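Asks: Start from chain A and add chains B, C and D according to the hints.
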Amino acid sequence: MEGVLNQLPIGLSIGAVLLLIALGLTFTFGQMGVINMAHGEFIMAGAYTAFLLQSVGFLVALPAAFVVAGLMGLVLERTLIRRFYGRPLDTLLLTWGVSLMLQQLARDLFGAPNVQVVSPAWLRGGLGILPYNRLFIMALAVLSVLAIWAYMHRTGQGRRMRAVMQNRRLAATSGIDTGRVDQRTFFIGSGLAGVAGVALTLIGPVGPTLGTYYIVDAFLVVVAGGLGQLRGAVLAAIGLGLLNSYAEFWSDASLAKVIVFVAIIGFLQIRPQGLFFVRSRALT
Amino acid sequence: MTAVEAPVEAPPVVRREPRRWQGPAAFAAVALLALVVAPLLLEPFRLGLLAKYLCYAIVALGIGLAWGQGGMLTLGQGVFFGLGGYAMGMYLKLHDAGGDLPDFMVWSGVEKLPALWTPFGNPVFALAMAVAVPVVVALLLGALVFRQRVRGAYFAILTQALAAALVILLVGQQGLTGGTNGLTNFFDFFGQDLAADETQRGLYLTVAVVLGVLYLGARQLVRSRFGRLLLAVRDGEDRVRFLGYNPATVKTLTFAVSAGMAGIAGALFVPVVGIISPALLGVVPSLELVVGVAVGGRFALAGAILGAVVMGYARTYFSEELPAAWLYLQGALFVLVMTLAPRGIAGLAAGLVRRRREAGT
Amino acid sequence: MRNSLWRTGAVIALSTVTLAACAGQSGKSDTSASSGGGNTIKVGILHSLSGTMAISEVTVRDAELLAIDEINAAGGVLGKKLEPVVEDGASDWPTFAEKATKLIAQDKVATVFGGWTSASRKAMLPVFEKRKALLWYPVQYEGLESSPYIFYTGATTNQQIVPGLDYLKEKGKKKLFLVGSDYVFPRTANKIIKAYAAANGMEVLGEEYTPLGHTEYSTLVNKITEAKPDAVFNTLNGDSNVAFFKQLKSAGVSAEQMPVMSVSVAEEEVKGIGVDNVAGQLVAWNYYQTTDTPANQKFVAAFKAKYGADKVTSDPMEAGYNAVYLWAEAAKKAGSTDVEAVKKAAGGVSLDRPEGKVTIDGDNQHVYKTARIGVVQPDGQIKEVWNSGEPIKPDPYLKTYSWAGGLV
Amino acid sequence: MSEAPAETTPAATASPETALLETALLEIRGLQVAFGGFRAIDGVDLTVGRGELRFLIGPNGAGKTTLIDVITGLTKPTAGTVRFEGLDLAGRREHEIVRLGVGRTFQTSVVFEELTVLENLDLAASFRRPLWSLLRRGRGVSEEVAAALETIGLTSLARSRAGVLSHGQRQWLEIGMLIVQRPRLLLLDEPVAGMASDERERTGELLTEIARDHTVIVVEHDMDFLRRYASQVTVLHEGKVLMEGSVDEVRADPHVQEIYLGRAREDAEDAVR
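Protein sequences appear in the order of chains A, B, C and D. Mapping to UniProt numbering: the first sequence position 274 is 274, numbers consecutive. Mapping to UniProt numbering: the second sequence position 330 is 330, numbers consecutive. Mapping to UniProt numbering: the third sequence position 91 is 91, numbers consecutive. Mapping to UniProt numbering: the fourth sequence position 64 is 64, numbers consecutive.
This is chain A alone, in the form it adopts within the complex (with noise of 0.2 Å):
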């Protein structure tokens, strides 16, 4: 019994993981339409960040992995991405062609084999069933959800970054430099997968194929969310963090991936636009 009652918080920290890797998706996937799969690959850059800045200290890791994945996204933005926009599908592949390099060229600057990355020791115990890394986590994620929320809704930026989401060609003729907006949401996009590489690194391996692990789920949370929808990302996050932490508790790991592979094409089937998404008029 005590069991069923730990899955409740360890789905909620399951959840965090998920909201955590895929915040930065919903911003370049929901806002921009732009499908990145090399996303993973960000979050990869994120936890090497923090493996290279471990004698430094885990918390400057933070702000200076979101500044490297930051700018790696700038660089695919303004060198590849910006040439394909309205081409999702095309961006998909492209940036599935940039994931397959990144990955090899981590294989060749770090080595092929995981690298060590050791928690900090304030991050050692726990609360209950929940060790302290967990909690970061999940505070973490709240604070990104927050910071999130008061950029898009508090600043000149995130106004503008808003009007751009809801109507470019509007926007476009109001006077913003839809180009800038672009860029910047792909570097915060970006950022806050490298944010979550270094969360990451707390609770799992950090090597070349570290990304592979979690893009397909971060995409899945996206698509159950809704387009470029904060909450629908949050509530879908959660929700799936807790379906998962019960269909493992009551089958095993293998058949809850299934279990929640299922649940979201019969949840698609009810909601095909995901949680929330913005009605148009507009006929394509």
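Think of the hints as simulated: they come from the structure by calculation, not from any bench. Being a predicted model, the structure only gives us computed values, none of them experimental. Keep in mind that a hint or two might mislead.
Only part of the chain B face toward chain A is listed, based on derived beta-carbon distances under 10 Å [unchecked claim]:
(1) LEU221
(2) VAL222
(3) PRO285
(4) VAL291
Some, not all, of what chain B presents toward chain D, calculated at C-beta under 7 Å [to be verified]:
(5) PHE226
(6) ALA232
(7) ASP235
Note that beta-carbon positions come from the ideal geometry of N, C-alpha and C, so glycine has one too.
Replies: Quick look at chains B, C and D alone, frame taken from chain A:
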């Protein structure tokens, strides 16, 4: 309007109305090359590899149909390939076991042949299932997602998740499927020794002929009214509704056809290569198939086939010569093709032909 | 205009790739045609040099190449130098079969050293049996196999898992929890463990499998802590070990109260998991870098000299290194590299290797090996705490164990 | 998959003869549509009889296009009923409504640019064929399609890709595609928006010709066009029917004038969008 629903990159401007004899002549030339020249020139090992690439080309043809013509980017084609492959593998396994339990069941602790396996002892049933199961799965998935107007990126991601889920399922049911090992160690193919060079040559010719027939069928489909309807659905699904058609039906049928092709390819792949395993139908192999189609040219059926063969050869070559560079090269090739030649080799070739024609007149 | 330039460039790039591929094929054929005689013996080395398994398999390739260098430096085999032909299995089982065919049919190698995963071995097995060629497989595996064309230089179950259980039993650990990746080796291993437990008054409280590459272990850790076993028997593979040990450690489960016995965690993996997460845990192998034999001191020194002082050596590497020596010795004994002659001569071939004395069992083509239980040390090395005293006779089908009667 | 073979003739979908006599072609009662809190349509009643040419006018945001969207199944109403030939259209999907005999065009024309003019028309004309028969290669031009080509004046461009057509030609092609569908109710959404004056004239003639043997509803707010081609007009304003009557009555109405005075400003905003 969301960008997700934006139309795909427009195909070539040239109308496909070359001189009457050109198409059949080119087809005959390729057929001659594939059926006569290749078996004479290539040593058995290389011919076997070519047979493998041609199996992938059959899948690619289906992807070309679904993605190039119908705008449905399917990242889970490995699922259908695998279902076809497993159907064939189950028959071969039972045939080799000759009434006993297949070897892997013995070491997985299965004592009695599972009911699911029993009918696969019949080759006709197994062959029928190799096509029917993928088609039915595609019809079901298509009916569910297309009716709800799930499309574009959503559809791509769902098919990808399907591939991931199937792999996990296959791996988890070791007693039923052979787990990660998959099904392998086949000896006899309809009375022929699978290790013999003649058998492999015969298999190669079978694959080549099947590919040719499916290509002609797909071509007919593309040029029919249905093909135009498919193109219309690709470019304006919502508009098609107001022409009185249900796009979901059109897409589901096309998706099922492409799944059936992948199933046939999987069934042929098993005797050619001698193994079917979850690793062959997961997320990455499914994506690699799509890469091949993009490189060859997704808007032309022949381009899809060409792409699969070229990527197959490139993979073998680099894996023999520069294994560490393969990921870089695959990634780079892909980025280059998507940015510089989104219509692939076929698009480039069409462009060259057009330019020469313009220069000539 | 600019556009068409780009296009032309792309055409050239693509056709270069295609041409290069074709040229490569013909070049290959030429060399194979001229390789019939000469003063060298070609041997194949077939491991994943790319993909997920490259992490592990590259180190085995390095050890095998080291052995070939050493043998060549000592005069080669039958007066000829060994010439390695290295191929990449690309972590893809059919590719292993394809490359094995190439090595045998096109390069005409005398023997092949290769494979890591059971799946890759199963995929290669029909190729070697049909073409009557030899494969030396260097990794511990799930047993229940004895192909006449494969030599198994890693441990079979009675040389690793059974001793691991013996050790736990000796320490009074009666309640076990089984954790494994979802594939053949863990499932077979756990079947054996359950039979052993039933016969030895031990209890299996849970048996859980996770997909390969799984990284979310909080639910599993919860299941384990709720079941309260005396010990965990871990057959997880690869990256999953990292996530499992990190999450187990942060859940506050210590090695003292609930030790984890692992059979796929060696020196190389300890580095990736992080020593602090795995220190104090148990592992079962036949060889450690710290194993104290004269041959091992030589091996470790030679390996570091060739590949760098920071490199570690591990059990599969040593088994691969041994495989080359065992084959060379059998060929010398047979006076030929002919497959059937080598097979006949191999039985009884015995050498002092880094792990101690190894002897080929002619009946099942496995190797007598000494089982060693180790504890992970804070410096990342593994310290031996128990060994079987003498090499254990390989018994892939566990025929000599009465409790295993119902297994096969 | 099953629906296509079932409906092979237009008559198969028609309701019994008696119902035809008693009911109007289109009957809308108490229609409401809300987007979130915003009421795009707020209690509209509308009856269109057989053979009528009805103009729907009103400033931006009056609910004209939304009304058409509801009739054709693109938007679901919050309340109220839409009956076509006595059949309730609620819950029917777009293509099903088309199959009942309701066709429409869009403000921004969406023809299939990759297909030729002929192929576009052929596709529109074939929807009643069973699906399997579509697998055959369609060769030759049916009389119906040829006639439509003639009507819309695109015979000489029949084998050109629709992508090369001018804006006006596209609109005519759309109308042609609508004609070959043989609908019993045609809904045209701003057919002359963005057209040059000679194109407008040609479109007007086309409209008159079609209206001779079809029931047509036209959404338009070009007053000039209205004056020349309209007879019966319904004015919508803020989701409600403001008035119905002849063109002259409507133009003389002070309310309507008041609404349309503000139009210049809204048009400017429209251009921005």
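Asks: Checking each numbered hint in turn, tell me which of them this model violates, lowest number first.
Replies: 1, 2 and 3
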